[in-house]
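Protein chains: 2
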Amino acid sequence: MKIGELSRATGTNIETIRYYERIGLLKAPARTSANYRAYDDLHRTRLAFVRHSRELGFSIEEVRSLLDLVDNPERECSQADQIATRHLAKVEKKIDQLITLRGELSQIIGRCRGGVAADCRVIESLADHTMCHRDHV
Amino acid sequence: MKIGELSRATGTNIETIRYYERIGLLKAPARTSANYRAYDDLHRTRLAFVRHSRELGFSIEEVRSLLDLVDNPERECSQADQIATRHLAKVEKKIDQLITLRGELSQIIGRCRGGVAADCRVIESLADHTMCHRDHV
DNA sequence: TCTACACCCTGTAGCAACTACAGGGTCAAG
DNA sequence: CTTGACCCTGTAGTTGCTACAGGGTGTAGA
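Taken in order, these protein sequences are the chains called A and B. Quick note on numbering: the working numbering labels position 54 of the first sequence as 54, and the sequence is numbered without any gaps. Quick note on numbering: the working numbering labels position 64 of the second sequence as 1064, and the sequence is numbered without any gaps.
Treat each hint with caution, since some may be false.
The calculated label-pair distances, taken between Cβ atoms and stated as ranges, are [stated by the list, open to error]: (1) A/Arg8 / B/Asp1041: 54 to 60 Å; (2) A/Arg18 / B/Ile1099: 31 to 37 Å; (3) A/Gln97 / B/Thr1016: 41 to 47 Å; (4) B/Leu1042 / A/Glu76: 56 to 62 Å; (5) A/Asp128 / B/Glu1124: 49 to 55 Å; (6) A/Gly115 / B/Arg1031: 22 to 28 Å; (7) A/Thr32 / B/Glu1015: 32 to 38 Å; (8) A/Pro73 / B/Tyr1019: 43 to 49 Å; (9) B/Tyr1036 / A/Gly115: 57 to 63 Å.
Straight-line Cα separation of at most 27 Å, DSSO-like style, residue types lysine-lysine; simulated pairs [to be verified]: (10) B/Lys1090 / A/Lys93; (11) B/Lys1002 / B/Lys1027; (12) A/Lys93 / B/Lys1002; (13) B/Lys1027 / A/Lys93; (14) A/Lys90 / B/Lys1002; (15) B/Lys1093 / A/Lys94; (16) A/Lys90 / B/Lys1027; (17) A/Lys93 / B/Lys1093.
Everything labelled a hint here was simulated from the structure, so no lab data went into it. Ideal placement from N, C-alpha and C gives every residue a C-beta, glycine not left out.
Please model the complete structure; the sequences and the hints are all you need to start from.
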């Protein structure tokens, strides 16, 4: 499988595949006589794992740790669970933050009654943080 | 006001203030004889506006457009409203995505029953996207 | 007066996680 | 024999900062 096929098979940008190889997330594949990368099914599986993990929001370093567990099946599963649990906590925190944000934003937008910028309630709200009812990060 | 005072007054990192000046978000202030930046209250207000906008998740370019409206008070307020409304839509989309993500993650985590990585359901789920009930980005 | 220390300056490099070239080589079809 | 699709390496750009390195300035105490 050449890099273009792997790219199509996994929905991953070619540059991204090469990037993953460069940072050591994917092992370097064999090369053809023309120096083209030649991938096999194991590479495809591994890349799919990486992509899926990334889609779920795991960082590259987290993916690296997860791949480490894949490569060492005798190790404790609890490590994977810990990574996932911590990530879930981050996601939940982010959701909370964004919901707060959404509240602030709709309040600010709701104040707009048209006219010129000089009288703009949106701009006024942005200038004056004390108008906010809640804190935001 | 020297940069350190402005930094404390607005809760902004000194490096960040200089960065904002470099990218033209803040106007370059006057300098003292020792070549120190000398800020006044207008600078403080402007930086507070920038910080608040950034806290609300507006991009630097969006902040730039908003500042443009501040500097041209005769312009239509609807531009500010448009920027904010578009941003709100982005925030709402992100919330939806994260909620989907949260669902996927808790499902994956819920499957963990301990043991070694070879039998790990978390890793299994990451390897096999087809187990997901919903799509994720 | 010396010196310690907090503060300021510029310029550049680093972070995450890619993405986008530039400038070349390879290979099969028409 | 040329066109076009594909591949290669290496480097620079993206966003929004943050972190130095290697200097200068200003003031308080010994």
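Hint by hint, here is what the structure shows:
With their beta carbons about 58 Å apart, A/Arg8 and B/Asp1041 fall inside the hinted range of 54 to 60 Å. A/Arg18 and B/Ile1099 have their C-beta atoms about 33 Å apart, which keeps the hinted 31 to 37 Å range intact. Taken as a hint, the range 41 to 47 Å is violated for the pair A/Gln97 and B/Thr1016, whose Cβ atoms sit roughly 20 Å apart. Checked against the hint of 56 to 62 Å, the C-beta distance between B/Leu1042 and A/Glu76 comes to roughly 59 Å, which is consistent with it.
For the pair A/Asp128 and B/Glu1124, the supplied restraint of 49 to 55 Å holds, since their beta-carbon distance comes to about 52 Å. Separation of A/Gly115 from B/Arg1031 is about 38 Å and departs from the stated range, judged on CB atoms against 22 to 28 Å. Distance hint check: the CB atoms of A/Thr32 and B/Glu1015 are about 48 Å apart, inconsistent with the given range 32 to 38 Å. The beta-carbon spacing between A/Pro73 and B/Tyr1019, approximately 47 Å, falls within the hinted interval of 43 to 49 Å.
At about 41 Å, the CB distance of B/Tyr1036 to A/Gly115 disagrees with the hint of 57 to 63 Å. Only pairs whose Cα atoms come within 27 Å are accepted, and B/Lys1090 paired with A/Lys93 is accepted, the gap being roughly 18 Å. Restraint check for B/Lys1002 and B/Lys1027: satisfied, since their Cα atoms lie roughly 15 Å apart, inside the 27 Å limit. Taking the CA atoms of A/Lys93 and B/Lys1002, the gap is about 36 Å. The hint is violated against a cut of 27 Å.
In summary, the hint linking B/Lys1027 to A/Lys93 is not supported, as the alpha carbons are separated by about 35 Å, beyond the 27 Å threshold. Between A/Lys90 and B/Lys1002, the direct Cα distance comes to roughly 37 Å. Violation of the 27 Å bound is thereby established for this hinted pair. For the hint pairing B/Lys1093 with A/Lys94, the CA-to-CA distance comes to about 13 Å; that is within 27 Å, so the pair holds. With a C-alpha separation of about 37 Å, the suggested pairing of A/Lys90 with B/Lys1027 is violated against the 27 Å cut-off.
Between A/Lys93 and B/Lys1093, the direct Cα distance comes to roughly 16 Å. Compliance with the 27 Å bound is thereby established for this hinted pair.
Of the numbered hints stated above, those contradicted by the structure are hints 3, 6, 7, 9, 12, 13, 14, 16, listed in ascending order.
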